[in-house]
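Colleague: Sequence:
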Amino acid sequence: MRKIDPVKHEQKRRDILEAAGRCFAKDGFRGASISSICSEAKISAGHLYHYFASKEAIIEAMAATGLEHAEQRFNHLMKSDNPIEGLIAEIEQANSQSCNMQQHQIDMRAKKQLHVDMLAEAGRNPAMAEIVNKHSAKIRGMLATLLETAQKRGQIDQALDPDLAAAILLGAMEGVGNMTMRDPELDMKKKLEMLSTLIKRFLAPGSSKEK
1 MRKIDPVKHE QKRRDILEAA GRCFAKDGFR GASISSICSE AKISAGHLYH
51 YFASKEAIIE AMAATGLEHA EQRFNHLMKS DNPIEGLIAE IEQANSQSCN
101 MQQHQIDMRA KKQLHVDMLA EAGRNPAMAE IVNKHSAKIR GMLATLLETA
151 QKRGQIDQAL DPDLAAAILL GAMEGVGNMT MRDPELDMKK KLEMLSTLIK
201 RFLAPGSSKE K
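Using UniProt numbering, the letters of the sequence shown correspond one by one to residues 1 to 211.
Derived from the structure by calculation, the hints contain no laboratory data. Treat the hints with care, as some may be off.
As the list claims (entries may be wrong) - The calculated label-pair distances, taken between Cβ atoms and stated as ranges, are:
no., residue 1, residue 2, range
1, A120, K200, 29 to 37 Å
2, P184, H50, 13 to 21 Å
3, P184, I34, 25 to 33 Å
4, A70, D183, 22 to 30 Å
5, E174, N75, 38 to 46 Å
6, K152, G31, 14 to 22 Å
7, A172, R13, 32 to 40 Å
8, D5, A45, 20 to 28 Å
9, Q158, I34, 30 to 38 Å
Said to hold, decoys possible - Simulated pairs of lysine-lysine, BS3-like, Cα-Cα distance not exceeding 30 Å:
no., residue 1, residue 2
10, K200, K79
11, K26, K138
12, K79, K111
13, K79, K26
14, K3, K112
15, K3, K111
16, K200, K111
Think of the CB as a built atom: it goes at the ideal place given N, C-alpha and C, for glycine as much as any other residue.
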């Protein structure tokens, strides 16, 4: 039996995920076929199935990769003196990149289109629904932990429920991102500046009262 090179195996796996991502962004989850993904990745169907059993498995792997990156970012923020300021700084950094790099804007729009397509597919595909729900729960959990840490330091409103506040903030951030598709002409800089203001005011100490 031929010995598998783990480095080459992982690189090929990443190549397939990147190719699938381009196909999903272009044609949607349903529109992108295994054959089109294979063509984009320059491999045979048999070769692809050696790595992934289905399109859902590809999406699940993409979600897992996204979670790894998110966990790294949240861990970095947790180590900072003020994690909320760090979170807002990341939003502002994204603001700067989006305004100054046309290709970045195109890439972000493609990612948002794929995200919306996944949500639509989750409404009719139980396997996709499970992937989306698990991904959302883990991201919300990371943000809730970040908020709890900030509360213990007295940096944000202590009357807020961390889990619910995390869900609200994620909804706001996703909604603002999706506005790019609703209105491509909307000023990206002003949009993200207003999002930063919203987050600061929502989390500010004393912004709500305990009942």
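Colleague: So, for every hint listed, does it hold in this structure?
Modeller: Hints, verified against the model:
1. A120 <-> K200: 29 to 37 Å: The hint (29 to 37 Å, Cβ to Cβ) holds, given that A120 and K200 are roughly 32 Å apart.
2. P184 <-> H50: 13 to 21 Å: 40 Å, violated
3. P184 <-> I34: 25 to 33 Å: 31 Å, holds
4. A70 <-> D183: 22 to 30 Å: 27 Å, holds
5. E174 <-> N75: 38 to 46 Å: Roughly 22 Å apart at Cβ, these two residues miss the hinted range, so it is violated.
6. K152 <-> G31: 14 to 22 Å: 47 Å, violated
7. A172 <-> R13: 32 to 40 Å: Roughly 34 Å apart at Cβ, these two residues keep to the hinted range, so it holds.
8. D5 <-> A45: 20 to 28 Å: 22 Å, holds
9. Q158 <-> I34: 30 to 38 Å: Hint violated: Cβ distance 51 Å, outside 30 to 38 Å.
10. K200 <-> K79: Satisfied, since the Cα-Cα distance of roughly 20 Å is no more than 30 Å.
11. K26 <-> K138: 27 Å, holds
12. K79 <-> K111: Roughly 28 Å between the alpha carbons, so the hint for K79 and K111 holds.
13. K79 <-> K26: Answer violated: K79 to K26 is near 38 Å, above 30 Å.
14. K3 <-> K112: Violated - the C-alpha atoms of K112 and K3 are around 39 Å apart, more than 30 Å.
15. K3 <-> K111: Given pair K3, K111 is violated - Cα atoms ~36 Å apart, limit 30 Å.
16. K200 <-> K111: 26 Å, holds
When the structure is compared with the earlier hints, violations turn up for hints 2, 5, 6, 9, 13, 14, 15 and for no others.
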